[in-house]
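S.K.: Per the numbering used here, the very first residue in the sequence shown carries number 212; after that it's consecutive.
None of these hints come from the bench; they were simulated from the model. What you are looking at is a predicted structure, and each value in this text was computed from that prediction instead of being measured. Errors might be hidden in some of the hints.
Under the rule of at most 25 Å between Cα atoms (straight-line distance), these lysine-lysine pairs were calculated in the DSS-like manner [said to hold, decoys possible]:
| hint | residue 1 | residue 2 |
| --- | --- | --- |
| 1 | Lys271 | Lys261 |
| 2 | Lys244 | Lys261 |
| 3 | Lys253 | Lys271 |
Each pair of labels, with its calculated beta carbon distance range [as the list claims (entries may be wrong)]:
| hint | residue 1 | residue 2 | range |
| --- | --- | --- | --- |
| 4 | Ser214 | Asn266 | 31 to 37 Å |
| 5 | Ser268 | Glu227 | 17 to 23 Å |
| 6 | Lys261 | Thr283 | 25 to 31 Å |
| 7 | Ser214 | Gly269 | 19 to 25 Å |
| 8 | Leu252 | Ala288 | 14 to 20 Å |
| 9 | Val263 | Leu238 | 14 to 20 Å |
| 10 | Ala245 | Asn266 | 26 to 32 Å |
All residues carry an ideal CB built from backbone N, CA and C; glycine is no exception.
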Amino acid sequence: MVSEPTVAEATDRIYESLRADNADIDLHIATLKAALARAGLKEAFFDPAKLVHGNRSGRKLMQAYFRQRGVTVTFTAQ
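With the hints as constraints, model all of the structure from the sequences given.
M.R.: Below is the structure:
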């Protein structure tokens, strides 16, 4: 049986995708959404320092894009 990715693993894949010019980003968002649901969480946390575009406009764009796909994004320094 293949184990489902954790929220942390799914988040790491999104960081990787963002660094790779958003390769497979929708797939990774769907994986994150499922991982959040399994964990009983309502939002995903991202560290702006790990983002390619961690400025305010980049964060707002990311939040809007993820929200359209059913994932609430919050930014926090870790």
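S.K.: Indicate, hint by hint, whether the structure satisfies it.
M.R.: Structure-based check of all given hints:
1. Proximity of Lys271 to Lys261 is assessed by CA-CA distance (about 15 Å); at most 25 Å being required, the pair is judged to hold.
2. The hinted pair formed by Lys244 and Lys261 meets the criterion: a straight-line CA distance of about 20 Å does not exceed 25 Å.
3. Proposed proximity of Lys253 and Lys271 is supported: the alpha carbons are some 18 Å apart, at most 25 Å.
4. The hinted range of 31 to 37 Å is satisfied by Ser214 and Asn266, whose Cβ atoms lie roughly 36 Å apart.
5. Taking 17 to 23 Å as the suggested C-beta distance range, the pair Ser268 and Glu227 conforms, at roughly 22 Å.
6. For Lys261 and Thr283, the Cβ-Cβ distance of about 18 Å falls outside the hinted range of 25 to 31 Å, so the restraint is violated.
7. Here the CB-CB span from Ser214 to Gly269 is close to 32 Å, at odds with the stated 19 to 25 Å.
8. The given range of 14 to 20 Å is respected by Leu252 and Ala288, whose C-beta atoms sit roughly 19 Å from each other.
9. A hinted range of 14 to 20 Å for the beta carbons of Val263 and Leu238 is consistent with their spacing of about 18 Å.
10. Under the hint 26 to 32 Å, the C-beta atoms of Ala245 and Asn266, about 29 Å apart, fit the expected range.
When held up to the earlier numbered hints, the structure conflicts with 6 and 7 and fits the remainder.
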